[in-house]
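In order, the protein sequence lines correspond to chains A and B. Using full-length UniProt numbering, you'd call the opening residue of the first sequence number 1 and step up by one each time. Using full-length UniProt numbering, you'd call the opening residue of the second sequence number 1 and step up by one each time.
FYI, nobody ran anything at the bench for these hints, they're computed from the structure. All residues carry an ideal CB built from backbone N, CA and C; glycine is no exception. Some hints could be false.
Unchecked claim - Okay, derived cross-link-like pairs now, DSSO-like style, lysine-lysine, Cα gap no bigger than 30 Å in a straight line: (1) A:Lys-67 / A:Lys-2; (2) A:Lys-67 / B:Lys-112; (3) B:Lys-112 / A:Lys-86; (4) A:Lys-86 / A:Lys-67; (5) A:Lys-2 / A:Lys-86.
As the list claims (entries may be wrong) - Computed Cβ-Cβ distance ranges for the label pairs, DEER-style: (6) A:Asp-39 / B:Glu-90: 45 to 51 Å; (7) A:Asp-9 / B:Ile-115: 44 to 50 Å; (8) A:His-100 / B:Leu-103: 34 to 40 Å.
To be verified - Just a few of them, taken from the derived set where beta-carbon distance is under 8 Å, the chain A residues facing chain B: (9) Met-36; (10) Met-45; (11) Ser-56; (12) Leu-59; (13) Gly-60; (14) Val-63; (15) Lys-67; (16) Lys-86; (17) Leu-88; (18) Thr-91; (19) Arg-92; (20) Val-96; (21) Thr-105; (22) Ala-106.
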Amino acid sequence: MKIERRIADDLLILTLQDTRIDAAGAVPFKEAVRQMVQDFDDRVMIDMTRIEFLDSSGLGALVAIMKMLGGARRLELANCGTIVRKVLTLTRMDSVFILHDAAPTAGRSAA
Amino acid sequence: MTASRAAAMPSPQCAVLRSRFPATANDVSIQLARLHRAFDATGLRLSLQHDVTIVLGEVLNNIVEHAMTDIGAAWVMLEVTREDGRLHVETTDRGRPLPPALLASVDLPEAKLPIDDLPEGGFGWFIIHTLTEDMVYERQGGINRLSFSFLEQADEG
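Turn these sequences into a full structure, and let the hints steer you where they fit.
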């Protein structure tokens with residue numbers, strides 16, 4: 001999965017370029033994010049704007065990513081679409097992640 | 001709908017999608033994308049399209065992950081059809097039988113836990129049971145058949 005990485009103040013923003021987080025791509029997605037968040041110990045936000053579909057494997061990957069952050073850091077998700085919100089709400093994982101309507105637009109590229 | 005001709009004369013069955021594809025996660029992605037495009041032409045309400053897609057993603061991935069593990073070159077058949085005001089979905093495969101416990105009921109994994117103890121799986125069947133009312137499973141002649149349906153019009157109230 002292609003992911004754009006940028007930093008805005010204390011926040012690392014990962015913008016997903018694909019349209020799905022599903023069983024077919026969950027493992028490579030998790031690995032790609034693992035490399036991007038290592039050595040960063042502040043807030044991490046995933047911009048979900050382009051994601052049209054999330055399944056239970058994709059949800060599991062998001063939980064695994066939050067565990068990678070270690071300690072008490074919660075993974076933040078921005079601009080979740082209808083299906084993503086529905087899956088999060090049904091499984092009550094909407095209370096586990098920090099949800100935002102939109103990601104901050106500022107920030108410098110950290111590729 | 002008033003006392004309608006539709007009730008007196010059942011509408012003919014109309015296929016939204018019929019396909020046969022290899023039981024792999026990649027092929028499931030491809031089929032769900034095909035379904036998305038097929039739905040565009042139907043004018044069905046979006047919340048119905050979303051629910052069907054979410055449930056079907058879980059059902060198909062379950063077939064790929066659990067029912068087929070020991071069988072090479074396995075195929076899945078998928079049919080999505082409209083009939084009498086309902087959208088019907090049926091999958092068939094020749095994988096292992098489904099564990100009966102999954103069909104009865106499934107608890108939601110606990111969400112109020114420390115981060116390190118949160119579940120990373122076990123959501124699939126909970127999602128399926130929550131969004132469907134009439135899931136039927138049959139095993140006959142080595143074939144699994146799962147079917148479920150949704151009302152095309154949203155329930156009022």
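Cross-check of the supplied hints:
1. A:Lys-67 / A:Lys-2: Satisfied, since the Cα-Cα distance of roughly 21 Å is no more than 30 Å.
2. A:Lys-67 / B:Lys-112: holds, 14 Å
3. B:Lys-112 / A:Lys-86: holds, 19 Å
4. A:Lys-86 / A:Lys-67: holds, 22 Å
5. A:Lys-2 / A:Lys-86: Judged against 30 Å, a Cα distance of about 24 Å means the pair holds.
6. A:Asp-39 / B:Glu-90: 45 to 51 Å: 49 Å Cβ-Cβ, so the 45 to 51 Å window holds.
7. A:Asp-9 / B:Ile-115: 44 to 50 Å: violated, 23 Å
8. A:His-100 / B:Leu-103: 34 to 40 Å: For Leu-103 (chain B) against His-100 (chain A), whose Cβ atoms are near 38 Å apart, the range 34 to 40 Å holds.
9. Met-36: violated, 19 Å
10. Met-45: Violated, because the Cβ-Cβ distance from Met-45 (chain A) to chain B comes to roughly 16 Å (cut-off 8 Å).
11. Ser-56: With Cβ-Cβ at 4 Å, under 8 Å, it holds.
12. Leu-59: holds, 6 Å
13. Gly-60: holds, 4 Å
14. Val-63: Holds, about 5 Å.
15. Lys-67: Holds. Min distance 6 Å.
16. Lys-86: holds, 6 Å
17. Leu-88: At about 10 Å, which exceeds the 8 Å cut-off, the nearest Cβ of chain B leaves the hint on Leu-88 (chain A) violated.
18. Thr-91: holds, 5 Å
19. Arg-92: holds, 4 Å
20. Val-96: Since chain B brings a Cβ to about 6 Å from Val-96 (chain A), closer than 8 Å, the hint holds.
21. Thr-105: At about 28 Å, which exceeds the 8 Å cut-off, the nearest Cβ of chain B leaves the hint on Thr-105 (chain A) violated.
22. Ala-106: At 28 Å from the nearest chain B Cβ, Ala-106 (chain A) fails the 8 Å test, so the hint is violated.
The structure is inconsistent with the numbered hints 7, 9, 10, 17, 21 and 22, although it conforms to all the rest.
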